[in-house]
Amino acid sequence: MTFLKINNLSVNYEMRRETVYAAKKVNINVERGEILGLVGESGSGKSTVGNAIINLIDEPGKVSGGSIILDGTDIYENPDNILKLRGKKIGLIFQDPQTSLNPILTIGEQLIETIQTHLKLNTEEAKNKAINLLNEVGIKDAETRFNNYPHQFSGGMRQRVVISLALCCEPELLIADEPTTALDVSIQSQILDLIKRLTKERNLAVILITHDMGVISETTSRVAVMKNGDLVEIGPTKEILTKPKEIYTKALVSSVPPTNKKIDRFKIIEKENKTQGETNIKILNRWTKKDIIDQDLVKVKNLCKTFDDNFFTESTKNSVMAVDDVSFNIKEGESFGLVGESGSGKSTIAKMIVNLYSPSAGDIDFDNVCITKIKSNKEMMKFRKQIQMIFQDPYSSLNGRLKVKDIVSEPIKLHNPSISSKDIDSYIYDLLESVELTQQSAERYPHEFSGGQRQRISIARALATQPRLLVCDEPTSALDVSIQAQILNLLKDLQEQLNLTILFISHDLPVVRQMCDRIAVLKNGKLCEISKTEELFKNPSHDYTKELLTLMPKIESIYN
Amino acid sequence: MLVVAFVSFSLFNFVGDPINNMVGEETSDEERAELRETLGLTDPIYVQFTRFVGNAAKGNFGISYQLKRPVSELISERLPATIELVLISALIALVSGTLLGVYTGINRKGFLSDIILAISLLGVSLPTFVIGILFIYLFAVILGILPSFGRGEVVSLGYWTTGFLTLSGLKAIILPSVTLSLFQMTYIIRLVRAEMMEILQTDYIKFARARGISEKSIHYKHALKNGLIPVITIAGINIGTLIAFSIITETVFQWPGMGFLFIQAVQFVDIPIMSAYLVFIAFVFVMINFIVDILYYFIDPRIRVKAEAVSG
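Chains A and B are the protein sequences, given in the same order. According to this note's numbering, the first sequence is numbered sequentially starting from 1. According to this note's numbering, the second sequence is numbered sequentially starting from 1.
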């Protein structure tokens with residue numbers, strides 16, 4: 001008998017104006033001991049299916065049809081059924097370990113409460129069980145950490161606590177909703193190994209919901225692809241990833257940046273009707289194009305940045321060395337990658353280059369002028385114009401109360417106050433078309449756009465001052481893969497046409513491989529190595545780089 | 001504190017000549033000057049102020065112009081009445097406010113919740129004295145079950161006089177304390193409700209549900225504990241406001257507390273009492289904020305750990 005049987009499941013969200021069908025007649029079976037991947041882009045309904053199994057769909061969502069049968073029990077037959085299953089038979093792991101633990105209860109209290117809810121154990125026994133569990137998920141010093149609060153754990157450790165909470169009453173089904181998305185690669189691989197190990201040891205059935213094809217190919221045995229609430233395709237992982245039948249799956253797989261080779265452009269299947277090479281960069285006519293001289297545009301020399309934890313006393317005890325003696329040069333016209341995990345100081349360096357932070361020590365030269373020593377604002381403006389930045393989060397980096405037109409025109413007016421309003425309008429239209437947005441978008445507000453479109457607006461805004469250096473701080477990490485592919489293609493085109501120099505910051509090694517000519521690897525504020533991209537991927541010299549490369553989830557691993 | 005002391009001191013020093021109020025018509029000019037000298041009113045302002053602060057620190061606020069008794073004595077006589085009143089009404093406001101807030105937060109669409117919210121709206125919008133007068137009319141005049149004014153019989157315990165130990169004292173405190181607490185209570189209901197509704201949407205509550213934790217524990221252990229953190233801040237500030245509001249309530253119910261004393265003092269331009277009252281209120285505010293900060297330390301583990309890290 002099938003362990004978990006999802007039969008024609010439909011979930012509707014009844015909104016005031018319309019009904020959103022988050023899941024449409026989805027059929028999925030899961031057996032004990034297997035990990036089923038559930039992939040799809042945002043809004044595809046993959047999380048909805050996960051939540052439906054445990055009957056925790058957010059309001060106003062409702063299961064409108066179909067059934068979910070777990071080990072012979074129909075979950076929706078009787079509302080009390082699920083109450084006996086939650087925690088006991090079904091464990092759930094959420095995406096963000098920062099928010100899924102109650103901040104004011106110790107992890108021990110949360111564990112004991114959960115254990116005692118389901119198992120008849122006294123406090124002492126429950127405590128022992130909890131400590132064993134914490135040991136099992138790889139938390140050192142479990143006995144002392146037992147009394148700690150969630151904020152005393154790092155992200156990866158918290159996710160381990162979450163896993164131990166999900167597993168503490170020995171459930172038979174584990175639903176992991178993007179369990180590693182918020183984590184660094186090295187921690188991600190540990191958590192995935194842990195899930196794999198537990199699946200084997202306990203004969204769990206696992207549903208792994210993720211958008212990361214690399215994770216899917218390394219962990220799952222079967223995979224289900226969803227789009228707009230429909231189940232597109234389901235089958236063995238290898239088959240889906242290598243010989244997808246449906247067009248959507250093909251598009252999805254091809255937009256994943258390959259980890260083993262460098263490609264010129266990402267294939268975007270949905271937009272294939274547009275002939276290649278016909279780029280639409282209207283802004284080119286206005287661009288005062290500078291020839292690429294063979295020189296270093298940016299020189300970073302012995303850069304340091306410390307953050308003092310304590311405002312009043314400048315004690316060195318609490319201060320954090322975010323960037324520690326980093327030096328590198330960026331040649332004009334190249335794409336320079338800055339790679340590292342969270343806390344490696346890569347964003348801090350970016351902010352110092354655009355002069356949002358001032359360095360604690362060291363210099364930054366731009367076009368042979370030391371910009372860190374410039375005192376007057378007026379002098380600085382010349383350089384601000386030439387260096388522009390694109391931020392990670394397209395939702396918070398655009399002012400929601402300004403029209404796109406005003407967002408894009410602001411830097412133009414700032415650096416060229418005498419420009420006539422007619423010129424501005426045509427300039428904005430050219431900019432928007434260069435980033436493949438319509439002229440009509442100028443009159444709309446940012447919230448009317450999707451994440452990818454917003455990132456295009458950000459790019460248009462950055463290009464408005466005709467910069468020479470574009471600093472991109474994780475420009476695609478908040479986007480779906482297919483959108484990511486489009487944005488990366490756009491950046492590549494713009495760079496080629498406009499002779500831009502790009503500083504590309506990312507934690508995503510495959511993306512960096514596709515985008516950059518040279519790469520610098522950072523760890524804890526220190527520079528590990530700088531080398532040409534292909535060399536770095538083929539013969540990494542530093543141990544940390546080697547480690548990162550082995551840990552990175554590879555979609556190609558399915559071939560082995 | 002010093003600022004408030006200065007303001008209260010200077011404000012009242014420029015309002016009228018206290019001597020005129022103290023003495024009778026037929027007092028001679030020499031006698032007036034003599035009295036002025038003994039009261040130190042001829043010294044320069046800064047000397048007077050330093051003396052004022054120095055004395056205030058020792059608990060000596062001078063002599064009431066009107067009653068001709070030391071202010072500290074008057075205040076300590078009236079203090080128990082106010083403290084008891086404020087304490088009881090704060091208790092009523094906190095306990096019932098939290099309970100009703102939790103109830104309305106959980107049963108958002110219930111009929112009872114709607115009624116509670118409607119009443120709470122009334123509580124926020126009606127002025128305290130109107131409510132007080134309505135209560136007197138209803139319970140004292142029509143029903144005749146509760147006294148309309150005073151503290152009833154009090155028992156003296158050394159420095160403290162309490163109304164808690166006699167039946168009439170207990171009866172007398174019901175109306176004023178309920179009146180006083182009503183505004184705060186409705187405020188707390190709304191605050192707790194909003195907090196509960198927000199917290200019940202968070203991931204950790206969802207995760208707790210997914211682990212099969214019972215609804216009761218989710219509501220009272222997981223959600224309420226988190227929700228109380230901001231409530232304590234507001235409630236702390238509001239206890240200070242309760243004392244301020246007690247002026248009105250005490251006047252309506254003729255409650256022999258400090259607010260009533262203050263109103264009488266205002267009518268007679270009795271400066272020492274007024275400035276002492278202001279300094280005292282400021283002191284209470286500062287103390288309450290201090291206590292709230294300390295309470296934070298016990299309730300929110302995040303602050304506790306930070307404090308340990310700094311000290312250690």
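None of these hints come from the bench; they were simulated from the model. Don't take every hint at face value.
[Said to hold, decoys possible] Here are the simulated lysine to any residue pairs, SDA-like style, with alpha carbons at most 25 Å apart:
1) Lys216(B) to Met15(A)
2) Lys227(A) to Tyr357(A)
3) Lys331(A) to Glu534(A)
4) Lys89(A) to Ile88(B)
5) Lys109(B) to Met15(A)
6) Lys221(B) to Glu109(A)
7) Lys206(B) to Glu14(A)
8) Lys120(A) to Lys216(B)
9) Lys62(A) to Thr128(B)
10) Lys200(A) to Glu239(A)
11) Lys62(A) to Leu138(B)
12) Lys216(B) to Leu121(A)
13) Lys216(B) to Tyr357(A)
14) Lys375(A) to Asn399(A)
15) Lys216(B) to Pro79(A)
16) Lys225(B) to Lys554(A)
17) Lys89(A) to Thr202(B)
18) Lys492(A) to Asp294(A)
19) Lys331(A) to Tyr357(A)
[Said to hold, decoys possible] Simulated DEER-style distance windows between Cβ atoms:
20) Asn122(A) to Gln254(B): 31 to 41 Å
21) Glu153(B) to Asn122(A): 31 to 41 Å
22) Gln254(B) to Glu124(A): 55 to 65 Å
23) Glu124(A) to Ser125(B): 52 to 62 Å
24) Asn399(A) to Tyr46(B): 30 to 40 Å
25) Gln98(A) to Asn107(B): 49 to 59 Å
26) Asn107(B) to Asn399(A): 51 to 61 Å
27) Val286(B) to Gln152(A): 28 to 38 Å
28) Asp141(A) to Glu215(B): 32 to 42 Å
29) Ile237(B) to Gln98(A): 21 to 31 Å
[What the hints assert, rightly or not] Facing chain B, according to a computed beta carbon distance under 8 Å, are these residues of chain A, among others:
30) Ile54
31) Leu56
32) Ser64
33) Ser67
34) Ile104
35) Lys385
In this text, a Cβ means the ideal position worked out from N, Cα and C, and glycines have one as well.
To see whether the hints hold, each was checked on the structure:
no. : hint                               : in the structure
1   : Lys216(B) to Met15(A)              : violated, 30 Å
2   : Lys227(A) to Tyr357(A)             : violated, 42 Å
3   : Lys331(A) to Glu534(A)             : holds, 17 Å
4   : Lys89(A) to Ile88(B)               : violated, 49 Å
5   : Lys109(B) to Met15(A)              : holds, 18 Å
6   : Lys221(B) to Glu109(A)             : holds, 11 Å
7   : Lys206(B) to Glu14(A)              : holds, 21 Å
8   : Lys120(A) to Lys216(B)             : holds, 19 Å
9   : Lys62(A) to Thr128(B)              : violated, 46 Å
10  : Lys200(A) to Glu239(A)             : holds, 22 Å
11  : Lys62(A) to Leu138(B)              : violated, 50 Å
12  : Lys216(B) to Leu121(A)             : holds, 20 Å
13  : Lys216(B) to Tyr357(A)             : violated, 49 Å
14  : Lys375(A) to Asn399(A)             : violated, 29 Å
15  : Lys216(B) to Pro79(A)              : holds, 17 Å
16  : Lys225(B) to Lys554(A)             : violated, 44 Å
17  : Lys89(A) to Thr202(B)              : holds, 23 Å
18  : Lys492(A) to Asp294(A)             : holds, 20 Å
19  : Lys331(A) to Tyr357(A)             : holds, 23 Å
20  : Asn122(A) to Gln254(B): 31 to 41 Å : violated, 58 Å
21  : Glu153(B) to Asn122(A): 31 to 41 Å : violated, 52 Å
22  : Gln254(B) to Glu124(A): 55 to 65 Å : holds, 60 Å
23  : Glu124(A) to Ser125(B): 52 to 62 Å : holds, 54 Å
24  : Asn399(A) to Tyr46(B): 30 to 40 Å  : violated, 52 Å
25  : Gln98(A) to Asn107(B): 49 to 59 Å  : violated, 30 Å
26  : Asn107(B) to Asn399(A): 51 to 61 Å : violated, 39 Å
27  : Val286(B) to Gln152(A): 28 to 38 Å : holds, 32 Å
28  : Asp141(A) to Glu215(B): 32 to 42 Å : holds, 34 Å
29  : Ile237(B) to Gln98(A): 21 to 31 Å  : holds, 30 Å
30  : Ile54                              : holds, 6 Å
31  : Leu56                              : holds, 6 Å
32  : Ser64                              : violated, 21 Å
33  : Ser67                              : violated, 20 Å
34  : Ile104                             : holds, 6 Å
35  : Lys385                             : violated, 42 Å
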